[in-house]
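Q: Sequence:
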Amino acid sequence: MGDDTPKRHFIQQIIDADVASGKWGAPGDGSVLATRFPPEPNGFLHVGHAKSICMNHGLAREFGGRFVLRFDDTNPAKEEQRYVDSIVRDVAWLGARWEGASEGDPTAGVKFASDYFGQMHDWAVELIEKGLAYVDEQSADEIRATRGSLKEPGTPSPWRDRPVAENLAEFEAMRRGEHADGSRVLRAKIDMASPNMNLRDPVMYRVVNAPHHRTGDAWHIYPMYDWAHGLEDSIEGITHSICTLEFEDHRPLYDWFIDAINKGRADADKIHHPQQIEFARLNPTYIITSKRKLLQLVEDGRVSGWDDPRMPTVSGLRRRGYTSESVRNFVVGVGVTKFNAMHDLGLLEGALREDLNTRAPRRMGVLDPLKVTITNWGAHGDEERLEDLEAVNNPEDDSAGTRTVRFGKTIWIERDDFMEDPPKKFFRLGPGREVRLRSAFWVTCHDSVKNDAGEVVELRCTYDPDTRGGGNPPPDAHGKVRKVKGTVHWVGDADCVDAEVRLFERLFTAEKPGKATGDPLDDLNPDSLAVVEHAKLERALAEPTPDEPDWPDGIRRFQFERLGYFCEDAEASRAAGRPVFNRAVTLRDSWAKEAKKG
RNA sequence: GGGGGGAUAGUGUAAUUGGUAGCACGACAGAUUCUGAUUCUGUUAGUCUGAGUUCAAGUCUCAGUCCCCCUACCA
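Take the first sequence: its letter number 196 is residue 295 in the numbering used here, and every next letter is one higher.
It should be emphasised that the hints constitute simulated quantities derived from the structure, not laboratory data. Don't be surprised by glycine CBs; every beta carbon is placed ideally from N, CA and C. Do not take every clue at face value.
Said to hold, decoys possible - Distance condition first, Cα-Cα at most 25 Å in a straight line; then the derived DSS-like pairs of lysine-lysine:
hint	residue 1	residue 2
1	Lys369	Lys210
2	Lys437	Lys584
3	Lys362	Lys288
4	Lys692	Lys523
5	Lys696	Lys524
6	Lys177	Lys392
Stated by the list, open to error - The calculated label-pair distances, taken between Cβ atoms and stated as ranges, are:
hint	residue 1	residue 2	range
7	Thr503	Lys392	44 to 50 Å
8	Gln180	Gly400	22 to 28 Å
9	Glu265	Lys611	20 to 26 Å
10	Leu344	Asp688	36 to 42 Å
11	His479	Gly578	26 to 32 Å
Using the sequences plus the hints, can you model the full thing?
A: As structure tokens, then:
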């Protein structure tokens, strides 16, 4: 305590003890550790999966062990190749390198449960032969009805005690596709009276006469999760099979199946028995992670797709401008426990700001442009004159260098940065007030021009040539130095590009979407997307410049000074034929807080 | 009238397994600042309840309370 020993979460502590005792190999040899990420290819990955990926991969890396990426593709009805492709891409983007990964081939080394169907089938036959499994001909409804309830035991199936030979023959018929979907299942013979529902003769195989995205029509039976999962782990030599809390009740079954296979075998022939460990899933505020609800958002057109920048999907976060580093920092910061927590979404946003603050080049952009005419510019007949000024790219990183911004008679500032009748604490432009234009000059507002509707459409200001570069002017005759309270961003009219900027807010207005009515969609934020059609950005933003960092994912990210962090939406830019930027997150804004107080 | 898990400042997470309850985020106040950003400093606030064991309990015992999960041929 008080020292800098790293905090070890409970799973690390379990592994520490296992490595020390040599549970899986020689004592002290961490290379025997093996973890896995086992997604079902039936949807897109979201932040919650990111936690699992980072933890499993991080553990393997920390101990020098193995990390396996394995698809749990045991249900052909719901699974598709396109999900495999997106998941592989997302896992790689998050920075997790799985065993067998290679630069050239995205799916190199990726494992599939379907590759083990043959082995699983043989083991199932073994259980039948041991009298530990039987083919049940009851319908799904009958099975459900006879399973009992939480407080009452179930009743045994009439098929429970049929002869081994018959079971073998029936199972073989199922496999060959001689039975209709739903007509038969293979069940483990455990205990219909168990207080743990999972042990009431769970289904191991069901008949599905449908093509599988990888095995085609080779199979007519498909294994259930409980039967398959531990076997997949066993085959791959997984030592610590880490899953979420709701599988705690399944652990006895996980162990039962492996023990059943090992029953009667000599020690040398026993299959590997991994340890299942459960942890609490990630549960950020203002977010939903239900695949069903996420799908509904997409299908109802509430968002533009799975990768809409407002979506909590990995692809959404990526398009929003999140870095994989920030996502990783967020999930490790949240910790690993068995407590059902609520994670403040502000932590995710903060992780992004923290990362981008040090890395993102600064640029200037005006979202809601207000014209400013410098009335004393060109007082000697050179009104067209433009002046190049040097602006620092990143005050947090000297190596980021500087760039040139071009100043002239007409410039644009943010409409918010002017008030006709400003309160005392407003440090920006107002009648008679002086501010600094970032990296440029100090200007004083003398006059504003209104349109017929009474809206201010132009500011007429003078500039002070002695403040070139933005620095303080020389002291006056009495040695007094003029001060200015505020600095505002701007773009020069002669040196800006027209762009579309998309501003995102949280997708939901409630901390726990759906808490009030049961339907998260009732808490949708109607203002989660605001499109700025005509922002004016400094020219450097239009095309990549050599002074920009090499982002590993190729996504250009910037801080628009005083506004927030933005990334280029390359796809949308191409489609629009002009730059399109997405706002990832705003800067912290203590003025907005102050202004709200009144 | 079942089974499985969990409870430490507002939020999240530690506490050498019985020995000074710490960290991060937030909030608040101040300093610095060519971004009302960043950075820095300070303040704030906690062991679910009640008994018990002990010199000493977040930690051990007992009894409660509250929360989450479990009745798919999904994973």
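Q: Each hint: holds or not?
A: Hints versus structure:
1. With a CA separation close to 23 Å, the supplied pair Lys369 and Lys210 stays within the 25 Å bound.
2. Note on Lys437 and Lys584: the hinted pairing is violated, with a Cα-Cα distance of about 50 Å set against a maximum of 25 Å.
3. Under the criterion of a C-alpha separation no larger than 25 Å, the hint pairing Lys362 with Lys288 is consistent with the structure, at around 14 Å.
4. Pair hint Lys692 plus Lys523 holds up; C-alpha atoms about 15 Å apart against a cutoff of 25 Å.
5. Our distance criterion of 25 Å between C-alpha atoms is met by Lys696 and Lys524, whose separation comes to about 12 Å.
6. Among the hinted pairs, Lys177 with Lys392 is consistent with the structure: their alpha-carbon atoms are about 16 Å apart, no more than 25 Å.
7. Remark: the range hint 44 to 50 Å for Thr503 to Lys392 is upheld by a beta-carbon distance near 49 Å.
8. Under the hint 22 to 28 Å, the C-beta atoms of Gln180 and Gly400, about 25 Å apart, fit the expected range.
9. One distance hint, 20 to 26 Å for the beta-carbon pair Glu265 and Lys611, is violated here, with the actual separation near 52 Å.
10. Leu344 and Asp688 have their C-beta atoms about 37 Å apart, which keeps the hinted 36 to 42 Å range intact.
11. About 30 Å separates the C-beta atoms of His479 and Gly578, a value consistent with the hinted range of 26 to 32 Å.
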